[in-house]
Amino acid sequence: MKWWKSPLLLGLLLILVTNGVVLLGVAENRRGEPESRVVLSQRELGGRQSWRHRMGNHEDNSLSLPLIWRVPVADDQIDAYRWGWTRSGYPPAWLTEERLAALGVDVTALKSAAQTGKTRGRREAADRVVLVVLELAGPAWQHAVEQVRRTRQEASGKVDSKEKQDNIQNAEKLLRKVETEDSRLYAVDAGLDAGALRQRYPDRSHYLILPARLTMWVTHPEGQEARVKGHFEDLLVPEIHAPRAVQQALAALPAPARDDGDDGDEGRGLPPATPFHATLVVGSRLEPWIEGISPP
Amino acid sequence: MHAVARSEAQARADDIHVFRRELARLEAEGVVCLPGELRGQVITHQDRLLAGFAASFDIDRSASARQLSLGMRVTSFLGALALAASVFFLFYQFWGDFTETAQVLILQGASLMTLGATLWLRSRDTSGYFAKLAALVAFACFVLNILMLGQIFNITPSDKALLPWAALAFLLAYTCDLRLLLAAGILCVIAYVSARVGEMGGLYWLDAGQRPENYFPVGALLFLLPGWISHRRYPGFDALYRVFGLLCLFVPMLILGHWSGGSYLNLDTDLIEHGYQTAGFVTGGLAIWLGVRRAWSEVVNTGVVFFVIFLFTKFFDWWWESWPKWLFFLVVGLTALLVLMVLKRLRAQGGQS
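Heads up: the protein sequence lines correspond to chains C and P, in order.
Quick note: the first sequence uses the numbering used here, first residue 1026, plus one each step.
Quick note: the second sequence uses the numbering used here, first residue 3, plus one each step.
Hints are computed from structural coordinates only; laboratory data are not their basis.
Possibly wrong hints are sitting among the right ones.
Stated by the list, open to error - Ranges of calculated distance between the beta carbons of each label pair, as one might list FRET restraints:
# : chain 1 : residue 1 : chain 2 : residue 2 : range
1 : C       : V1170     : P       : F79       : 26 to 36 Å
2 : P       : S125      : C       : V1042     : 16 to 26 Å
3 : C       : V1042     : P       : T337      : 22 to 32 Å
4 : P       : G229      : C       : E1247     : 46 to 56 Å
5 : P       : D319      : C       : E1179     : 30 to 40 Å
As the list claims (entries may be wrong) - Which chain C residues stay away from chain P? Per the calculated CB distances, all over 12 Å, these:
# : residue
6 : E1123
7 : H1168
8 : Q1272
9 : R1310
Note that CB positions come from ideal geometry on N, CA and C, so glycine has one too.
Given only the sequences and the hints, what does the whole structure look like? Please build it.
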């Protein structure tokens, strides 16, 4: 039998070449100067879905930390913070029809499809991959804190019943949550060209550029003009694998004391997250990894 | 064990048994009577062949052996599933205890060792069941290998992973005469080609299913493939390609016949749905005609099944709301009788030709 007809050799070649190609891609991603390097905390990596809780799974002792990020909302949608809706999956205030058009969405065709009832343009409503810019503890987060603080102030100005008192308490709790617990990573922009986005956001220690899925839909209320909206479904790599060294560093951190943990829909019933700092690096292929863990 | 030779030996052994049964019947009916010497030569030759096949290929020598073989096939399949699941959970159970380097080596080692074990078993296992079981585990290990590399290094998911999976599935399927892995390989090809076609239409590769028309090119390709590549030595492989090809044509037509929103076509909603319903009937009819003409039973059966599904869904659309239920089911039953009569006629024509 000729060597190229040997199933053993063909199989070995296939397995080795495939693994080689994958590992070369990893090496290329991690070679040279990283695309970005940011120091995140437990607020952005894992959040209330504490890694200690995740490590309690006896069937799976590997660990991946979800990258938690939020979207800025308009002032009249402030309740979205209370219910935890500002995570990915909620339409960002800045993602207007103009911005969608800049991302390659045929807004006119989508509207036309909704108005005529034809299928024309519906393929434009399919998910597409775009690059999203995530800002760490920057103006977007500060703006969110300001929005919630304003709500707290408005509530405190008119205390005249038990219900109002409850509103103040809820607003204070929400403010504490946004200020000290929730992720400070906010999606502030999106584009199709990583280079152009990096020129616009040159600070590599505060702005991450990662691929995400953009979903669009059309709202067409009776008697009104159709409007196209969009949100980011999730990052293409939504969880970051924690290598053994990172897991060991996390395990060495002191566990926090339990609290009542009443934080809306998110993380209900879970222990509070252990504070830590994690260096997240994004390589040339926009694939992230955790470089190290340290106490805060 | 040479898988293809085994299937050929089994087919020859089956033919010998059929020949002997029919000869006994003909002799009992007085139609023919072989002279003793000739009969002895034939029986001796056949016995020698059967003994040789049994020694070399562990074939089924009787009906009861055949039934036991079926049981062994089912057991082998279930065992392979269980072993693959065991490998999967074993990896996850201890995964966090290893460094990245160790993880990579374990993943590659598992793929290479199970492949080696499969081919080693193939050369020693005359029955083929153990080699087939090992082949399924080897495929599961390779799929896990690539999936977990992606997880360890946070690699962006890509449809390109489907290509090496398909390649290994085909390699093992053709080497071990394993139709289950052939189906796995075909499914990988379907997913890859439809993802590529979807990307051309602006879809994210994981959303290829949102536009059922993405499956038409791969459906046509799979249906035509056995015509270009001979599978004479691989019984059942041709049929599998054709059935998957037809499924990639019929299922999207069925979906688009009731959900025009999934279509690329820039036409009126009703026009698209009616068009695909008609296409379903026409393709079903063509499949039945071609299947009868070429003696492809799997094509006839798939064509009939989908023709009937298209017909009944159409009946449902037209009459379910407006007719009394007894009348609706009566018409459905009568239509089934009509289809049976047409098929009977086709079968008779096929028998004459």
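Cross-check of the supplied hints:
In this structure, C:V1170 and P:F79 break the distance hint of 26 to 36 Å, their C-beta atoms being roughly 59 Å apart. In this structure the supplied range 16 to 26 Å holds for P:S125 paired with C:V1042, their Cβ-Cβ distance being about 24 Å. Under the hint 22 to 32 Å, the C-beta atoms of C:V1042 and P:T337, about 55 Å apart, miss the expected range. At about 55 Å, the beta-carbon gap between P:G229 and C:E1247 stays in the expected band of 46 to 56 Å.
The hinted window of 30 to 40 Å between P:D319 and C:E1179 is violated, with their beta carbons roughly 55 Å apart. Distance to chain P confirms C:E1123 as a non-interface residue, since its nearest Cβ pair spans about 20 Å, more than 12 Å. Taking the minimum C-beta to C-beta distance to chain P, about 30 Å, the non-interface status of C:H1168 holds against the 12 Å cut. Residue placement check: C:Q1272 does not keep its beta carbon more than 12 Å from all beta carbons of chain P (closest about 6 Å).
With a minimum CB-CB distance of about 7 Å to chain P, C:R1310 fails to clear the 12 Å threshold, and the non-interface call is violated.
Of the numbered hints listed earlier, those contradicted by the structure are 1, 3, 5, 8, 9.
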